[in-house]
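A.B. asks: Residue numbers (this note's numbering), protein chains in the order written: chain A, 1 to 109; chain B, 1 to 435.
FYI, nobody ran anything at the bench for these hints, they're computed from the structure. All values derive from a computational prediction rather than experimental measurement. A hint or two may mislead.
[Claimed, not checked] Heads up, simulated SDA-like pairs for lysine to any residue below, C-alpha to C-alpha not over 20 Å straight-line:
| hint | chain 1 | residue 1 | chain 2 | residue 2 |
| --- | --- | --- | --- | --- |
| 1 | B | K185 | B | I74 |
| 2 | B | K122 | A | L93 |
| 3 | A | K34 | B | T118 |
| 4 | A | K34 | B | G126 |
| 5 | B | K134 | A | K34 |
| 6 | B | K185 | B | P418 |
| 7 | B | K88 | B | K185 |
| 8 | B | K360 | B | T304 |
| 9 | B | K122 | A | T51 |
[What the hints assert, rightly or not] Here's a subset of chain B near chain A, in silico, CB distances under 7 Å, partners left out:
| hint | residue |
| --- | --- |
| 10 | H117 |
| 11 | R119 |
| 12 | R243 |
| 13 | L384 |
Just so it is clear, CB atoms sit at the ideal spot from N, CA and C, and this is done for glycine as well.
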Amino acid sequence: MPTITVTFIQRDGSEVVIDDAVTGISLMETARTKDVDGIIGECGGSCACATCHVYVEPDWQAVLGEPDVLEEMTLEGVSHIVQDNSRLGCQVLLSEAMDGLRVVVAPPQ
Amino acid sequence: MSSNAQDTRMDSCPVAGEEVDLGHASLMDPGIHAHPNAFYWAMRHEQPVYYDEGLDMWLVSRYEDLQTVLADPITFSVEAGYAEQYAKGFIDEFKAILERDGGGFFPDAIMTDPPYHTRIRKLMEGAFTAHRVKALEPDIAQVVSELIDEFADKGAADGVQDFAVPMTIRIICAQLGLTDFDPDKIQRWSLAVTSQIGRMQDREQMRENAREICDLQNYLIANIRAREETPRDDLLSDMIHARAEDEENPTLTFKEVVSLARALLIAGNETTATALGNLLYILATQPELADAVYDNLDDDRYMTRFVEELLRLEPPVRGLSRMTTKEVELGGVTLPKGAHMLNLYASGNDDETVFECPRKFDVERPNIVRHVAFGSGVHRCVGLSLARMEIKVAAREFVRRLKDLKLEIALEDIRYLPTVATRSMASLPLSFSKR
Chain A
1 MPTITVTFIQ RDGSEVVIDD AVTGISLMET ARTKDVDGII GECGGSCACA
51 TCHVYVEPDW QAVLGEPDVL EEMTLEGVSH IVQDNSRLGC QVLLSEAMDG
101 LRVVVAPPQ
Chain B
1 MSSNAQDTRM DSCPVAGEEV DLGHASLMDP GIHAHPNAFY WAMRHEQPVY
51 YDEGLDMWLV SRYEDLQTVL ADPITFSVEA GYAEQYAKGF IDEFKAILER
101 DGGGFFPDAI MTDPPYHTRI RKLMEGAFTA HRVKALEPDI AQVVSELIDE
151 FADKGAADGV QDFAVPMTIR IICAQLGLTD FDPDKIQRWS LAVTSQIGRM
201 QDREQMRENA REICDLQNYL IANIRAREET PRDDLLSDMI HARAEDEENP
251 TLTFKEVVSL ARALLIAGNE TTATALGNLL YILATQPELA DAVYDNLDDD
301 RYMTRFVEEL LRLEPPVRGL SRMTTKEVEL GGVTLPKGAH MLNLYASGND
351 DETVFECPRK FDVERPNIVR HVAFGSGVHR CVGLSLARME IKVAAREFVR
401 RLKDLKLEIA LEDIRYLPTV ATRSMASLPL SFSKR
């Protein structure tokens, strides 16, 4: 699988740049391999815990698209920190169109 | 019960049932066991962390306290709680039978504490991500359709024996790669395994259950051995050959594979079958809900929320055990070190301080997803995506093809399996007609 570059902006403002992110792998798993602070992925990608919540930078929202109904429902569980650009990292499978993607790690629940 | 507590029930919401005087009430009481919601309610209002003398366990009933427990897997140990619960009263004899006739005693690798549990979890969780499960939807629909074909013309069937149980068995066996399975055996094995945490078996039953588990383990071991040399395209092979590179022990041991295969075949299977039984029960007893499902068959949002609300209202798992590893305050009670607890997920889902009007089925509930039917924290059900998908497809296909679903048994005649771990109907006679 081809690789791309994705950037996580952690809660303290520091950036983790991952320049060998493998396409076909989720954003959550990608973050976990590099220990991005605040991306826990507790449920392992089942779309149930919302511990891989990110805010997608505006330029990238159209590329990633909207959450599906399951993801929307899971986000409701953390509605106090949900924004228009919220996504769960486990539900975003990286693709070549996402090369350069930037997301901000959401605060803890 | 205080008058104050009763006043809070004076609203238009459906209530849990008759008031219960806690007194010495126990979950082992057959009446409470069959219809526990009023007991849950009384505990949450009177003694939220309640010592059940019959069980010799502390029952945790409030949502907030459950969250505290689930968020701290070190203070509230699954490993110690499970070991205490497992084959309680007979563990030495049980172990000896398995070692003699069943290839060994294989402790449940998933019912352990971090950091050991973290490695096991990591090696398991790739199997059932939401993405992987999505790809299984057509196969699941096929299984459901075949089962309905078998009884659609008869106008009657047993929702548990003819549908829920065979459906989950066929699906998990297909995933594991077990093509030569005997469904009757798997059902017997399932009951034998879950009885070990159910607290309601006597010695004779334990010996019979142990014999079934030996049979199960020997079957799994043969299948595992066959894949060690030559992997196939199935979950059993995936487990045998799974690697977590950043771990010191990056692969699963043989003992771990046997225990995990057993857990996947049985634990996930039995609980999902229970959920499917609950689905048919609710469709048969709330016809307006069956109509609503029919009106929304192709609305994925509705169907997704319907499944979640079903899991909240009727969680298949009543409660799982933990044990304190130090003295700790919980819900106003000081629990000593070594206190054996039963976490009542079903009561957490019924907590009116979190879920308004909790006995009402409401797909538009804004916080549906906060239910704890799958637990929470590091031990959250690893197969939850598969369970959600199976229930959704079952609901959709059942209602699409059949109507006028009715119970052919009086409510009070429904029998539940003798276990405190799940709330599973033994049988559910139904009638219906074809659309």
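A.B. asks: Next step is simple, just say for each hint if it's right about the structure.
C.D. replies: Results for each hint:
1. Under the criterion of a C-alpha separation no larger than 20 Å, the hint pairing K185 of chain B with I74 of chain B is inconsistent with the structure, at around 37 Å.
2. Of the supplied pair hints, the one linking K122 of chain B and L93 of chain A holds, its CA atoms being roughly 19 Å apart against a limit of 20 Å.
3. This hinted pair checks out: K34 of chain A and T118 of chain B have alpha carbons roughly 17 Å apart, not beyond 20 Å.
4. Only pairs whose Cα atoms come within 20 Å are accepted, and K34 of chain A paired with G126 of chain B is accepted, the gap being roughly 18 Å.
5. Proposed proximity of K134 of chain B and K34 of chain A is contradicted: the alpha carbons are some 27 Å apart, above 20 Å.
6. Using a Cα cut-off of 20 Å, the hinted pair K185 of chain B and P418 of chain B holds, with the two alpha carbons roughly 19 Å apart.
7. Among the hinted pairs, K88 of chain B with K185 of chain B is inconsistent with the structure: their alpha-carbon atoms are about 24 Å apart, more than 20 Å.
8. For a cut-off of 20 Å, the pair hint linking K360 of chain B to T304 of chain B stands: about 17 Å separates their Cα positions.
9. For the hint pairing K122 of chain B with T51 of chain A, the CA-to-CA distance comes to about 16 Å; that is within 20 Å, so the pair holds.
10. Look at H117 of chain B: its Cβ only gets to about 12 Å from chain A, farther than 7 Å, so that hint breaks.
11. With 7 Å as the threshold, the beta carbon of R119 of chain B stays out of range of chain A, its nearest partner Cβ sitting at about 13 Å, so the hint is violated.
12. The beta carbon of R243 of chain B is not positioned within 7 Å of any beta carbon in chain A (closest approach about 14 Å), and the interface hint is therefore violated.
13. The beta carbon of L384 of chain B comes within 5 Å of a beta carbon in chain A, closer than 7 Å, and the hint placing it at the interface holds.
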